[in-house]
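Peer 1: So the protein lines, in turn, are chains Y and W.
The first sequence: position 2 = 1 (numbering that gives the first Met the number 0), numbered continuously.
The second sequence: position 69 = 68 (numbering that gives the first Met the number 0), numbered continuously.
Worth flagging that the hints you see were computed from the coordinates, not collected in a lab.
Some hints could be false.
[Said to hold, decoys possible] No more than 16 Å apart at the CA atoms, straight line, and that leaves these computed lysine to aspartate or glutamate pairs for EDC-like:
1) Y:37 x W:29
2) W:18 x Y:51
3) Y:41 x W:29
4) Y:281 x Y:189
5) W:18 x Y:44
6) Y:60 x Y:189
7) W:23 x Y:44
8) W:35 x Y:232
9) Y:372 x Y:238
10) Y:281 x Y:366
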Amino acid sequence: MIYFDNAATSFPKPKAVIEAMEEYFFNMGGSTGRSGHKMAIKASELVFNTREHLARLFNIKDSARIVFTKNVTESLNFAINGFLEKGDQVITTSLEHNSVMRPLRYLGQTGKIKIFIVLANQEGIVEPSAFENILKKEKIKLVVVNHASNVTGAITPVRAIAKIAYKYGSRILVDAAQTAGAFPINVIADNIDMLAFTGHKSLLGPQGTGGLYISEGIKLKPLIRGGTGSSSEKEIQPDFMPDQFESGTLNVIGLAGLGAGVKYILDQGVTKIRTEEMELTKIFIKEAEKIEGVKLYGPRDVNIKVSVVSFNISGYTPSEVAYILDNNFNLACRPGLHCAPSAHKTIGTFPQGTIRFAFGYFNTIEEIKKGLKALSQISNKEWIN
Amino acid sequence: MPEEVVIIFTSTHDVIKAKSELEKASITYELIPTPKEISSECGMSLRIEKPVLNMALEIFRSNGVRYRNDLL
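Chain Y with its partners taken away, still in its complex shape (with noise of 0.2 Å):
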């Protein structure tokens, strides 16, 4: 099977990954923050190497300032539920992955939140000038990008919206679902109050994990409240990071994967990790460029994408092409709107969608021609049997 839906959740995982995670059910199984035998106390180091780890990635001073969530979607709920109030206005973009717009929807519906939106042009790229726009007559409150689509792959330049954010007083929250792991991510030099990531995607860890990074400063109130394993003699939340948002049981075999697809993200480093990436996009943009009736969407250039291409074949709809490429050519990959309707709608493939690839740092160039190869043959019938 060649797998290019690595944009949905990667595959395959490091080794590490797998050996840690029987390492902690065969030999550890302990909880943490919970009692003090030295089951328990192993598996607080587990987490807390974990969060040293995603630390070092994203250059978190405090590892502290990481909570753990589900996936990114629960850290995008914490940080818009928690962070917005009655009356407060918000910006984001018309590329947003429906974990971002739902929740803001649901606010903007109510009555509680005012929501400006960022139009992309049809290439799905977004203009930091835009932002500024909008800025410089309203009083925002948040700001919410995602960093990179996850249906054109196309980078969002968060750093100069980041930088013209805080010029105005405003924050800015950052959905790195299609970045973590794969492009280099710095809190500091981004200027990122908040940095909603998930385990499962390029951060090469298994499902439900992911986190929420809160800089100092950020007042957030925990949508979840319960027991922590500290302050057990009150009965209110404790305030302090990162108990405040991590009530109930973490998934502790879950992070303990997580902590070594990190590590190995780590090891390997993001530069190599992305130019690999870049080199299979590249060599996969250009020659579908040239297969007849392939109509690619978003930027062709990787420099400011992601491993993350979207395309239809004329003749055909995009869930009929990736059910011929599963059942005739072993090959995975999505079709269809990708969760992000605004997306679609704003490069003009609403509401058929598109088909899309996305490659991982386990894919290879062969992968890429066989892939090549097949939507050559279905653009030219020569599919069936």
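With chain Y held as given, fit chain W onto it using these hints.
Peer 2: For chain W alone, kept in the frame of chain Y given last:
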């Protein structure tokens, strides 16, 4: 045997961080359940020898380990 002191921390995260910083500095410690008579925020505490207390606290401060100063 020198006198010993117990240091109480804000959260489990801080105890683990304190432990790892002490190990780096080769300071001997013992991880113990927080004594019952202390109103604790975290279930685990560290016991160290009094002569190295100031050195340990300096390490904690410079590395952002949050401990309960009021209980020392």
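Peer 1: Could you check the structure against the hints above and give me the numbers of any it violates, in ascending order?
Peer 2: 4, 9
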